[in-house]
Amino acid sequence: MDTVNNAFHILLYIGNTFVGLSLFLVLLYAIQVQGIRSRTKKYKFVSERESHALKGSAMLFACSIACYAFVIIEMSIGISGPMYFSIAGILSVGIGASVGYILHVYLSYYHPFILEKRLKDIRFAPMISPKTGTEMTLLNEIQEDKFLSKEMIEEEETSTIDYDVWIDKQSEYKVIERYDTRFHQEECHACNFRTLIERKSEIIKAPQLHEQGLLRKSFECTYCGHIESRDIKLSSLEKENKYASFDRDILEIPPHKIAKT
Numbered sequence: 009m010d011t012v013n014n015a016f017h018i019l020l021y022i023g024n025t026f027v028g029l030s031l032f033l034v035l036l037y038a039i040q041v042q043g044i045r046s047r048t049k050k051y052k053f054v055s056e057r058e059s060h061a062l063k064g065s066a067m068l069f070a071c072s073i074a075c076y077a078f079v080i081i082e083m084s085i086g087i088s089g090p091m092y093f094s095i096a097g098i099l100s101v102g103i104g105a106s107v108g109y110i111l112h113v114y115l116s117y118y119h120p121f122i123l124e125k126r127l128k129d130i131r132f133a134p135m136i137s138p139k140t141g142t143e144m145t146l147l148n149e150i151q152e153d154k155f156l157s158k159e160m161i162e163e164e165e166t167s168t169i170d171y172d173v174w175i176d177k178q179s180e181y182k183v184i185e186r187y188d189t190r191f192h193q194e195e196c197h198a199c200n201f202r203t204l205i206e207r208k209s210e211i212i213k214a215p216q217l218h219e220q221g222l223l224r225k226s227f228e229c230t231y232c233g234h235i236e237s238r239d240i241k242l243s244s245l246e247k248e249n250k251y252a253s254f255d256r257d258i259l260e261i262p263p264h265k266i267a268k269t
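Quick note: the sequence shown uses this note's numbering, first residue 9, plus one each step.
Derived from the structure by calculation, the hints contain no laboratory data. These numbers come from a predicted model, not from an experiment. Heads up, some of the hints might be wrong.
Below, simulated EDC-like cross-link-like pairs (lysine to aspartate or glutamate); rule was C-alpha separation at most 20 Å, straight line [claimed, not checked]:
#1 139 - 172
#2 158 - 170
#3 225 - 188
#4 208 - 236
#5 49 - 129
#6 128 - 194
#7 52 - 124
#8 125 - 194
#9 125 - 188
#10 63 - 194
#11 128 - 188
#12 241 - 219
#13 128 - 170
#14 177 - 152
#15 154 - 164
#16 154 - 180
#17 225 - 236
#18 225 - 195
#19 125 - 170
#20 125 - 195
#21 128 - 143
The whole structure should be built from the sequences, with the hints applied where relevant.
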């Protein structure tokens, strides 16, 4: 009996450890996010790490449920022995696996919509001008093109890069932010879940010094299995070299550096 009780205590300890590690992962991730001041860096960090952090935490939580379930089932049976331990073990593993599967389904198919909203809240949060202390205005896609270089506009059209232009109308102070959206899961047109991921990319035509290339990307929906491909033009090598000058996430531009429009 003492051996059984010791086994129960060990399983409870292991279960508590899994819960602690699960909470630690979530807390560590939350602290890391709060410690990032730049909205572009926070946007990139959240888009890259949030799903992995939550899925890791969910897996640990499911393991803890299996440990607790074994103790509860065995105590409910009230009889010890190899056969009863086997039954309790099978049932507890099944319960833990079921919980893990439910959490995995939620995080894979429903959480991406929540993540997308969270990323929009980060990206489009109000920006205060350091010059006047007033709230800056975010320009729309048409308005912002007046303040983007030709290379920036082409980069938006041929890659996953997206630029935002904020302007302080009082001082004409402007901020250009650069976002990389390649880590996003896209919405599948067949099932409407945000579960369309890139599986493969191949260069159909290599770019030349003064000639564009062609890249074909293949996508697959992890929910319904829908497959689609897209052809994307690649910038010429000459223009690609110009993009290197725009690899910073934030460009702060004083009024005297911007041509009047």
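>> Hint by hint, where does the structure go against what was stated? Just the numbers, ascending.
In response: Of the numbered hints given earlier, the structure breaks none, since each of them holds.
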